[in-house]
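Trainee: Given these sequences and hints, build the entire structure.
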Amino acid sequence: MIRSMNKPRSFGLLAILLFALVLAPSVQSYPTGISGAQDGGCSCHGQTASSEVVPSLEGLPTELEPGATYTLNISFTGGPSFAENAEPAALGGFHLWASAGVLAPVDGMVKTNSDGSVTHTGDDKDDTGMGNDQREWQVEWTAPMEGGAKFTLHVNSVNGDGTNGGDLWGRLTAEVGPQPVEQASGLTVLASAILLMVVITLGCVIWVFYRQDPEAFAWERFWPWFSDYITSTDHKKVGTLYMVNGLFFLGVGGLFALIFRVQLATPGNDFLTQDEYNQFFTMHGTTMIFLAAMPMIAGFANWIVPLQIGAPDLALPRLNALAFWLNPAAALLLFSGIFSGQGADTGWTGYAPYIVSHTAHSGATLWVAGQILIVASSTISGINFMTTFCTMRAPGMGWMQMPLFSWSMLIATLMLFISIPAFGIGLIQVLLDRTIGTVFYEVAAGGDPLLWSHLFWYFGHPEVYVVVLPAFGVISEVLSTSARRTIFGYKSMVFALAGIGIVGFIVYGHHMFTSGMSPVLRFVTMLTTMLVAVPTGIKIFNWLQTMHGGSLVYRTHTLWALGFLVTFTLGGISGMYFPAVAMDLHLHETYFVVAHFHYVFVGGIVFGLYSGIYYWFPKATGRMMNEKVGILHFMTGFISYNLIFWPMHRLGIQGMPRRQHTYFITTDEYFALPPEAADWNMLITVAAFMFFASNLILVYNMISSGLRGQKAPSDPWGGWSMEWLVSSPPPTPSHDPSDLPVLEFAEIHEDGEPGFFGRMIQWMMIPEDDGGEEE
Amino acid sequence: MEAGGEIFWYLFDIFNLWAVIVLVIVLVWMFHHSLRYRSKDGSDNNVDNFKPGVFPKENDNLTMELTWTIIPFILIVYLTYIAWGPIDEMWTADPDAHEISVVGNQWYWEFDCDPMRGTADAPESSVEMENRSAMMFYNENGILICELTTIEVEGQIKPLLRVKAEESYNFAMTSNDVTHAPFFLDWGLKEDTQPGMETRLYYTPSMDEVGSSLLMCTEYCGKDHGYMTAVVEVFE
Numbered sequence: 031m032i033r034s035m036n037k038p039r040s041f042g043l044l045a046i047l048l049f050a051l052v053l054a055p056s057v058q059s060y061p062t063g064i065s066g067a068q069d070g071g072c073s074c075h076g077q078t079a080s081s082e083v084v085p086s087l088e089g090l091p092t093e094l095e096p097g098a099t100y101t102l103n104i105s106f107t108g109g110p111s112f113a114e115n116a117e118p119a120a121l122g123g124f125h126l127w128a129s130a131g132v133l134a135p136v137d138g139m140v141k142t143n144s145d146g147s148v149t150h151t152g153d154d155k156d157d158t159g160m161g162n163d164q165r166e167w168q169v170e171w172t173a174p175m176e177g178g179a180k181f182t183l184h185v186n187s188v189n190g191d192g193t194n195g196g197d198l199w200g201r202l203t204a205e206v207g208p209q210p211v212e213q214a215s216g217l218t219v220l221a222s223a224i225l226l227m228v229v230i231t232l233g234c235v236i237w238v239f240y241r242q243d244p245e246a247f248a249w250e251r252f253w254p255w256f257s258d259y260i261t262s263t264d265h266k267k268v269g270t271l272y273m274v275n276g277l278f279f280l281g282v283g284g285l286f287a288l289i290f291r292v293q294l295a296t297p298g299n300d301f302l303t304q305d306e307y308n309q310f311f312t313m314h315g316t317t318m319i320f321l322a323a324m325p326m327i328a329g330f331a332n333w334i335v336p337l338q339i340g341a342p343d344l345a346l347p348r349l350n351a352l353a354f355w356l357n358p359a360a361a362l363l364l365f366s367g368i369f370s371g372q373g374a375d376t377g378w379t380g381y382a383p384y385i386v387s388h389t390a391h392s393g394a395t396l397w398v399a400g401q402i403l404i405v406a407s408s409t410i411s412g413i414n415f416m417t418t419f420c421t422m423r424a425p426g427m428g429w430m431q432m433p434l435f436s437w438s439m440l441i442a443t444l445m446l447f448i449s450i451p452a453f454g455i456g457l458i459q460v461l462l463d464r465t466i467g468t469v470f471y472e473v474a475a476g477g478d479p480l481l482w483s484h485l486f487w488y489f490g491h492p493e494v495y496v497v498v499l500p501a502f503g504v505i506s507e508v509l510s511t512s513a514r515r516t517i518f519g520y521k522s523m524v525f526a527l528a529g530i531g532i533v534g535f536i537v538y539g540h541h542m543f544t545s546g547m548s549p550v551l552r553f554v555t556m557l558t559t560m561l562v563a564v565p566t567g568i569k570i571f572n573w574l575q576t577m578h579g580g581s582l583v584y585r586t587h588t589l590w591a592l593g594f595l596v597t598f599t600l601g602g603i604s605g606m607y608f609p610a611v612a613m614d615l616h617l618h619e620t621y622f623v624v625a626h627f628h629y630v631f632v633g634g635i636v637f638g639l640y641s642g643i644y645y646w647f648p649k650a651t652g653r654m655m656n657e658k659v660g661i662l663h664f665m666t667g668f669i670s671y672n673l674i675f676w677p678m679h680r681l682g683i684q685g686m687p688r689r690q691h692t693y694f695i696t697t698d699e700y701f702a703l704p705p706e707a708a709d710w711n712m713l714i715t716v717a718a719f720m721f722f723a724s725n726l727i728l729v730y731n732m733i734s735s736g737l738r739g740q741k742a743p744s745d746p747w748g749g750w751s752m753e754w755l756v757s758s759p760p761p762t763p764s765h766d767p768s769d770l771p772v773l774e775f776a777e778i779h780e781d782g783e784p785g786f787f788g789r790m791i792q793w794m795m796i797p798e799d800d801g802g803e804e805e
Numbered sequence: 753m754e755a756g757g758e759i760f761w762y763l764f765d766i767f768n769l770w771a772v773i774v775l776v777i778v779l780v781w782m783f784h785h786s787l788r789y790r791s792k793d794g795s796d797n798n799v800d801n802f803k804p805g806v807f808p809k810e811n812d813n814l815t816m817e818l819t820w821t822i823i824p825f826i827l828i829v830y831l832t833y834i835a836w837g838p839i840d841e842m843w844t845a846d847p848d849a850h851e852i853s854v855v856g857n858q859w860y861w862e863f864d865c866d867p868m869r870g871t872a873d874a875p876e877s878s879v880e881m882e883n884r885s886a887m888m889f890y891n892e893n894g895i896l897i898c899e900l901t902t903i904e905v906e907g908q909i910k911p912l913l914r915v916k917a918e919e920s921y922n923f924a925m926t927s928n929d930v931t932h933a934p935f936f937l938d939w940g941l942k943e944d945t946q947p948g949m950e951t952r953l954y955y956t957p958s959m960d961e962v963g964s965s966l967l968m969c970t971e972y973c974g975k976d977h978g979y980m981t982a983v984v985e986v987f988e
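If you're matching them up, the sequences are chains Z and A in order. Heads up, the first sequence is in our numbering, so the first residue is 31 and it goes up one at a time. Heads up, the second sequence is in our numbering, so the first residue is 753 and it goes up one at a time.
Errors might be hidden in some of the hints.
Unchecked claim - From chain Z, some residues computed to sit far from chain A (all C-beta separations above 10 angstroms): (1) 399; (2) 417; (3) 582; (4) 737; (5) 767.
Claimed, not checked - Between beta-carbon pairs, the in silico distance windows are: (6) Z/548 - A/886: 34 to 40 angstroms; (7) A/776 - Z/741: 43 to 49 angstroms; (8) Z/665 - A/819: 32 to 38 angstroms; (9) A/819 - Z/793: 35 to 41 angstroms; (10) A/909 - Z/89: 37 to 43 angstroms; (11) Z/447 - A/758: 40 to 46 angstroms; (12) A/886 - Z/93: 45 to 51 angstroms; (13) A/837 - Z/229: 57 to 63 angstroms.
If you're looking for bench data, these hints aren't it; they were derived computationally from the structure. As the structure is a computational prediction, the values presented were derived from the model and not from experiment. A virtual CB, placed ideally from N, CA and C, is assigned to each residue, including glycine.
Mentor: Below you can see the structure in the form of structure tokens.
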């Protein structure tokens, strides 16, 4: 059935479905329902307003006196009521809305509606009023105490035949007094900015296509070129898709942050409503972690892992494409909520019981559904990487000869496998609670108020390591290659990764020190959390010692790696304040936490990945990146980044809570934040705009260098791992399957017998009677 | 007044000291090595003879690696040890503590100075109610130790809880709907209020902490989370 359908038709169907999916919630959420009576008009007497019917609204003053009461005369001329009314009993009707002040009837001809507007009486059978027997009405309007008002008046001219056919209606708007300045709503700004980003991204794609060969440019060639990318199962093309997806959502997540930073720039600001603000910080966190960081890491892993371990492709290429394409679907689900005005407002942690309470927005259901797709996507791509590591290493490459980036991906994948099922189960329970009325998290029905927190943080804390370990791997590669030295203590680096992987599972309780969790569990996780600092410290000291005796070549990726060392050390150190329960009771849920995890997430992960972009870009595109623009990106990015997050430590200690729509400055009545907090917040907002702008430099550099940069040799930085063996850009398949590279050794190396784990994995992977890897 | 309690600042200063020491070591090390061992002319000196596809020669030193495993471990043990002590103090209830109930609701706080009234455990005391918005609780000696009234915060009427300095309090907290968390800014304390379970905080305000401070909600609870405030005043 599917086979018989041709491609354009299936794409057309998909496009219509996606369009409908995006549109459906926004239609329903229209404040006055689908009909939108005030804007759309009264369709009951004809679809559009008629120019024949001329309404008039008299009695509005020229100078508005606050609080005064005015009598308004409503009348109309023209239409069937004058020309051809068969039964002079039903002549017409009206409906008047005022944006401010109070409308009131003066006689039985007019009544007040529940929304404060007024209309004529007698508009249906139960209403015995005689208000529809005339063409003139009187109402009273009390002016508001400040500001002006806007009026919308609809009048019906009726032909009196008892049906709506042939009736006509007219419309009039009027203003009185001073009008408020039009304010941009946060959602409008967001929607326009995202739309602009989509247009720019598509423009970039088309421009990249055009610049590849301007002479031979033809629109007929665009679709084959584009569809080759979006239907490919090649690990390099899927990796590119992941990267584009990740960078796009990094931008979207940044937009969320910019918009709510505007809200927080001054105390008591009302740029965003509380509802909007809650959705914005929720979507900022969700987007950054699940739609930006994870896809970017998957993009690096896709690109580099097969090249680095000497494999022609990933083990399961079709699963790889599936794992990627679940991501855009998940993104649509997550975002369709916010454009209905009822997006998830639960925070990225989605704490129950709030998420299953009736006060949570309906978009939370879509958020949960989208997260389930993300869980599926990461699990599928994890299976793929795991299989690749176990079965497709180049001949001669034992476990302890894998490059460190591959090791970090391996440990990250293992951690993902052990942690993400808990999250998936929690999400499915919440989805069932929200849709079919199960009571997993309903406290009144005996649910445990802490169950979600346990499930979420059992996943959530290892998740941090899942995204940060690959960044560690990138830094190991970059520092070693730049310093022209073998990474110091390769073995202890691997053991430290594994140590983080193990200890990372028993620390999650430090997210719940104030939750009322059992004191014993709080105490145990205090000890283990402190312990995580040891393997992390080993990694930092090994990186530092790698430079010893080397000959460090300064490139953009080297600068980002050194910048990473500074910021990640700061992030690691500030993390040491939380396991001390007595300090955490003050710092928990304040901006100190925000500062800490942004030093880890941005200063650790994003800086590491930027370093990786500059490092592997020549390999991926065959073009060198522009170093001068790169250094400009580093300088502006590093400085503005620290300006954003360093002051947050201070705000946190002063007691500014996170996730709050505003903050309170000390007054004579009570003590709160010091007045300087407002200045720091303004600085943070300004710096946030600078940081956002500095990242546009990277996008510019990637596009312009990708098209016009110098041709790159196969090993531009002089690295040792196997990705530098193949040409830049790599051929497809990446390594020739009939002539796989064999890992050689600089020192005499005796092939050891595989150890215990090696034997276990071989036993699991290749059946004894199969006789080989080929089928 | 200053945010954060006495225990917080005691630990914070010690942790800060060690944070600065570790940071200085890392930064000096990084700047020294990255400048001392840089390629002077920017050219590529292949120190360890990297060749693509060849696993490079080893570069390690067990003594050094053990050094920076063991020394940080000792530091961690020390920091854990000093962070351990105050926990006991924070989690131990004074048997004479006066109980105050705290109930979180979307999106307002409810306090009660005398949650035990009418029960067998009720302390010898007297409670005065002034209309519906003020409650004063006197202990058996007739000393005012808890007062509940209202205060205006940014144009909204919020509860004002007044407690006496150098008197022990035991906050019994719960929630009627979702998770909330009162943040006693001046004392550096917070604890979630969970529906269906009771959490507790123990505190004895000192004379230094006399004055009023804002109490905010620090566990995200929905629309008006940012405005779910109250004021706590310590009086002499």
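Trainee: Each of the hints needs a verdict: does it hold here or not?
Mentor: Hint by hint, here is what the structure shows:
Listed as outside the interface, residue 399 of chain Z is consistent with that label: its C-beta sits roughly 21 angstroms from the nearest C-beta of chain A, beyond the 10 angstroms cut-off. Even its closest Cβ contact with chain A, about 23 angstroms, leaves residue 417 of chain Z beyond 10 angstroms, as expected for a residue assigned away from the interface. Interface exclusion of residue 582 of chain Z from chain A breaks down, the closest Cβ pair being 4 angstroms apart, not more than 10 angstroms. With 10 angstroms as the threshold on Cβ separation, the claim that residue 737 of chain Z sits away from chain A holds: the shortest Cβ distance comes to roughly 26 angstroms.
Annotated as non-interface, residue 767 of chain Z keeps its C-beta farther than 10 angstroms from every C-beta of chain A; the closest such distance is 16 angstroms. For residue 548 of chain Z and residue 886 of chain A, the hinted distance range of 34 to 40 angstroms is satisfied, since their beta carbons lie about 38 angstroms from each other. The hint said 43 to 49 angstroms for the Cβ distance between residue 776 of chain A and residue 741 of chain Z, and at roughly 44 angstroms that hint holds. Distance hint check for residue 665 of chain Z and residue 819 of chain A: the Cβ-Cβ separation is about 35 angstroms, which falls inside the suggested range of 32 to 38 angstroms.
With their beta carbons about 38 angstroms apart, residue 819 of chain A and residue 793 of chain Z fall inside the hinted range of 35 to 41 angstroms. With their beta carbons about 39 angstroms apart, residue 909 of chain A and residue 89 of chain Z fall inside the hinted range of 37 to 43 angstroms. Distance hint for residue 447 of chain Z and residue 758 of chain A: a CB-CB separation of about 45 angstroms, consistent with the stated range 40 to 46 angstroms. As the Cβ distance of residue 886 of chain A to residue 93 of chain Z is approximately 46 angstroms, the hint placing it in 45 to 51 angstroms holds.
Against the hinted window of 57 to 63 angstroms, the Cβ-Cβ separation of residue 837 of chain A and residue 229 of chain Z comes to about 60 angstroms, which satisfies the hint.
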